[in-house]
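Chains as they are written, first to last, in our numbering: chain F, 1 to 361; chain W, 362 to 715.
Bear in mind the hints are in silico, worked out from the structure with no lab data behind them. What you are looking at is a predicted structure, and each value in this text was computed from that prediction instead of being measured. Think of the CB as a built atom: it goes at the ideal place given N, C-alpha and C, for glycine as much as any other residue. Be aware that a few hints might be false.
Claimed, not checked - Looking from chain F toward chain W, a few residues come up when the C-beta cut is under 8 angstroms (computed):
| hint | residue |
| --- | --- |
| 1 | L52 |
| 2 | M79 |
| 3 | F81 |
Said to hold, decoys possible - Which chain F residues stay away from chain W? Per the calculated CB distances, all over 12 angstroms, these:
| hint | residue |
| --- | --- |
| 4 | D74 |
| 5 | L86 |
| 6 | Y87 |
| 7 | F98 |
| 8 | H192 |
| 9 | N227 |
| 10 | Q243 |
| 11 | G252 |
| 12 | P259 |
Claimed, not checked - Listing some non-contacts, in silico: residues in chain W with all C-beta distances to chain F over 10 angstroms:
| hint | residue |
| --- | --- |
| 13 | F418 |
| 14 | L608 |
| 15 | D615 |
| 16 | L630 |
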Amino acid sequence: MASLKIEGLGKTFGSVEVIRDASLEIHDGEFVVFVGPSGCGKSTLLRLIAGLEEASAGDIVIDGQSVVRKAAADRGVAMVFQSYALYPHMTVRENLAFGLENVRMKKAEIARRVDHAAKLLQIDALLERKPRQLSGGQRQRVAIGRAITRDPKIFLFDEPLSNLDAELRVHMRLEISKLHQRLGNTMIYVTHDQVEAMTMASRIVVLRAGVIEQVGAPLELYNRPRNKFVAGFIGSPRMNFVQGRLARVGEGDFDLACPGLGTLTLPRERLPLEAGAEVTFGVRPEAMRLVGAGEGWALTVDMVEQHGSNTYLHCAPEGNGEVLLHIPGQSDLRKGDPLRVRPIDGQWHLFDSTGVRLCAP
Amino acid sequence: MPEAIHAFVTRRRGGIRADWTDWVTYGYLLLGVVVMLAPVLWVALSSFKSETNLTEFPPTLWPEAIESVKVEGFARELPLFRVTRDDGTVATMAQVRRVGIEATLVDPANPGAGRIVVPIERTEAIRKFHLGTENYARLLGSTGGRIWSSIYNTFFITIVATLITLVMNAMAAFALSKYKFRGSEVALLAILATLMVPATIVLVPIYLIVSELGLVNNLWGVILPVISTPTGVFLLRQYMLTIPDELLEAARMDHASEWRIFWRIVLPLATPALTVVAIFSIMSRWNDFLLPLVVLTKPEVYTLQIALAGYTDENGIQYGMLLAMTTLTALPLALVFIFLQRYITTGIASTGIK
Numbered sequence: 001m002a003s004l005k006i007e008g009l010g011k012t013f014g015s016v017e018v019i020r021d022a023s024l025e026i027h028d029g030e031f032v033v034f035v036g037p038s039g040c041g042k043s044t045l046l047r048l049i050a051g052l053e054e055a056s057a058g059d060i061v062i063d064g065q066s067v068v069r070k071a072a073a074d075r076g077v078a079m080v081f082q083s084y085a086l087y088p089h090m091t092v093r094e095n096l097a098f099g100l101e102n103v104r105m106k107k108a109e110i111a112r113r114v115d116h117a118a119k120l121l122q123i124d125a126l127l128e129r130k131p132r133q134l135s136g137g138q139r140q141r142v143a144i145g146r147a148i149t150r151d152p153k154i155f156l157f158d159e160p161l162s163n164l165d166a167e168l169r170v171h172m173r174l175e176i177s178k179l180h181q182r183l184g185n186t187m188i189y190v191t192h193d194q195v196e197a198m199t200m201a202s203r204i205v206v207l208r209a210g211v212i213e214q215v216g217a218p219l220e221l222y223n224r225p226r227n228k229f230v231a232g233f234i235g236s237p238r239m240n241f242v243q244g245r246l247a248r249v250g251e252g253d254f255d256l257a258c259p260g261l262g263t264l265t266l267p268r269e270r271l272p273l274e275a276g277a278e279v280t281f282g283v284r285p286e287a288m289r290l291v292g293a294g295e296g297w298a299l300t301v302d303m304v305e306q307h308g309s310n311t312y313l314h315c316a317p318e319g320n321g322e323v324l325l326h327i328p329g330q331s332d333l334r335k336g337d338p339l340r341v342r343p344i345d346g347q348w349h350l351f352d353s354t355g356v357r358l359c360a361p
Numbered sequence: 362m363p364e365a366i367h368a369f370v371t372r373r374r375g376g377i378r379a380d381w382t383d384w385v386t387y388g389y390l391l392l393g394v395v396v397m398l399a400p401v402l403w404v405a406l407s408s409f410k411s412e413t414n415l416t417e418f419p420p421t422l423w424p425e426a427i428e429s430v431k432v433e434g435f436a437r438e439l440p441l442f443r444v445t446r447d448d449g450t451v452a453t454m455a456q457v458r459r460v461g462i463e464a465t466l467v468d469p470a471n472p473g474a475g476r477i478v479v480p481i482e483r484t485e486a487i488r489k490f491h492l493g494t495e496n497y498a499r500l501l502g503s504t505g506g507r508i509w510s511s512i513y514n515t516f517f518i519t520i521v522a523t524l525i526t527l528v529m530n531a532m533a534a535f536a537l538s539k540y541k542f543r544g545s546e547v548a549l550l551a552i553l554a555t556l557m558v559p560a561t562i563v564l565v566p567i568y569l570i571v572s573e574l575g576l577v578n579n580l581w582g583v584i585l586p587v588i589s590t591p592t593g594v595f596l597l598r599q600y601m602l603t604i605p606d607e608l609l610e611a612a613r614m615d616h617a618s619e620w621r622i623f624w625r626i627v628l629p630l631a632t633p634a635l636t637v638v639a640i641f642s643i644m645s646r647w648n649d650f651l652l653p654l655v656v657l658t659k660p661e662v663y664t665l666q667i668a669l670a671g672y673t674d675e676n677g678i679q680y681g682m683l684l685a686m687t688t689l690t691a692l693p694l695a696l697v698f699i700f701l702q703r704y705i706t707t708g709i710a711s712t713g714i715k
């Protein structure tokens, strides 16, 4: 159990800057997920914490002690690799015990810890098998078990579920969450899958191109993204972005002219707006409702996706990207049907030309 | 097992019936078997022939000997011949002596009856299959146990040198495949470049170094000069490149030292490539001739190959001993091949492809 503090961390490979000035504080017992598109540096950040990469700048502090110059083994962290990295020539038991043997732990204590981890992960029947005789899910458990036996202060997971099939992924996602509740350790988890991030994290760290874009609880990121990138990345299906111009800014409301869609009058909610400014209007597919004639945006259904429990309507307004609409349940609408929709008040966002979300002071 | 052999020798290129390409393939392979195996079998068979049988012309396929019999009045046994007498009758008689094209024979049952002289065209030796072990007995016995010391020397050199070669090559390969350091490419190229220097060219320099170190007539003088091999380093490096780095990183997080990673993770995982290198090393060490010939000059430190060459001297070639020893010398390698064949093929295949 431990807290982790990263201060101004940087990493360059040659002339390429992979992590730039990353600062972050993770509290004891938190489950933090690093998420971002591939190549954003999330795995590098994890490897820096693990000690597998050397930091070019900044400091890493675990439990008040700087570990940035310490070897990976001496940082008190354990890592679960994407490929599991189980030693293929050793049995599951030997895999679990290897790290403990290396620190010359007593045999009895090793056996106790291995048994404890095996029971916890329900792999006690597999202890004498070799990794190649295990299924993907079982290998995953062994990899986690290897981390548990070492009793680390912090668990690090590097995209541990990406090699599993969809069904198993959902299952293991739950198991890892349960494991976190049971062990109560600090865990850091890297994924490119924002669904994993949303469902598992107590806090999410969104990265883009080596920069931490936003840190916060899943719903905080979902409801109050700091910028357009986070807004687009968190949430599935993705948030709709529509180009618009502030045609009129009044005291209590304003007019947003959206080419190809029409003009909306929206409550201002003390937002710092400037008449005539070009903005990006963001609204999630489920944050819109169908309205009667003469109101809201005019759209034409371009494609209908029936999921049974949900219906997604794809609309392609002329000259203004694409708008996706979520309707709970099933719908009779077909391709070519005209629609009128309006964003639900309080569930839309405005981003300025640099992509930063406008919010009330 | 019989089913397996049947399945193996009737294997076809797809299809239910044998294609003409199958016949060509089998014909070609059979030719290879004959060309490769016939001399070996000939040596093995001939090693059981007696000295007379060996120098006979035309040679016999199987080891054979002329039957002989003890005849009263003669100190040694006389060979038996089937003789056509002047009157046309055929009798079995013992040959006393042969002068030019005439043979003097005597009736073994009744030596007192007198001798007859017939031209040798009318005599025919009575032969029997005879597996002569005397070559082996002489080889192992009469040389005064020197052969045993040669066997020991060869085994010692082969085993010790192979073990050290494996460890040294594997360590070099580990460094060249898993560590990023300035000059690693140059180091690899330098190692590979030594392949282009023929062994005979460095023979004299090696001898000078060995003699400066006082290792002439010492088995270590043969073992040490070629302890690491460029092919071995390259083969192992290529194989180790396929071991995922994540395994090493996992081991590092598991508190394993680099030394322990090498022994506990990298070496076990490189077993297929190690086997190939081991086989190459065993073969070359066992058959090594030039370096031992130069470094080892006293009979007690001779290896088998040097001792083998010793059977050719100024008095001629002792074919019986030579053949027996050749068979004995080749036997361990044949066994190595038979038992490690599976590893050789899979090892070479996997190191070649990956």
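Hints, verified against the model:
Given the 8 angstroms rule on beta carbons, the hint for L52/F holds: about 5 angstroms separates it from the nearest Cβ of chain W. Nearest Cβ of chain W to the Cβ of M79/F: about 6 angstroms, under the 8 angstroms cut. The hint holds. Taking 8 angstroms as the C-beta contact cut-off toward chain W, the hint placing F81/F at the interface holds, the least distance being around 5 angstroms. Consistency note on D74/F: stated as away from chain W, yet its beta-carbon is not over 12 angstroms from all of that chain's, at 8 angstroms minimum.
Not every CB of chain W lies more than 12 angstroms from the CB of L86/F, the least distance being 8 angstroms, so the non-interface label is violated. Once the 12 angstroms rule is applied to beta carbons, Y87/F is inconsistent with being away from chain W; the minimum gap is 6 angstroms. Distance to chain W contradicts F98/F as a non-interface residue, since its nearest Cβ pair spans about 5 angstroms, not more than 12 angstroms. Even its closest Cβ contact with chain W, about 18 angstroms, leaves H192/F beyond 12 angstroms, as expected for a residue assigned away from the interface.
Non-interface status of N227/F relative to chain W is upheld: no Cβ of that chain comes within 12 angstroms, the nearest being about 34 angstroms off. No beta-carbon of chain W is positioned within 12 angstroms of the beta-carbon of Q243/F; the least distance is around 44 angstroms. No beta-carbon of chain W comes within 12 angstroms of the beta-carbon of G252/F; the shortest separation is about 58 angstroms. Chain W leaves P259/F outside its interface by the beta-carbon criterion, the shortest separation being 50 angstroms against a cut-off of 12 angstroms.
Distance check on F418/W: its Cβ is at least 60 angstroms (rounded) from any Cβ of chain F, clearing the 10 angstroms threshold; non-interface status holds. A beta-carbon of chain F is positioned within 10 angstroms of the beta-carbon of L608/W; the least distance is around 5 angstroms. Some Cβ of chain F comes within 10 angstroms of the Cβ of D615/W; the nearest lies about 3 angstroms off, and the non-interface call is violated. At the 10 angstroms boundary, the C-beta of L630/W falls inside the reach of chain F, the nearest C-beta of that chain being 6 angstroms off.
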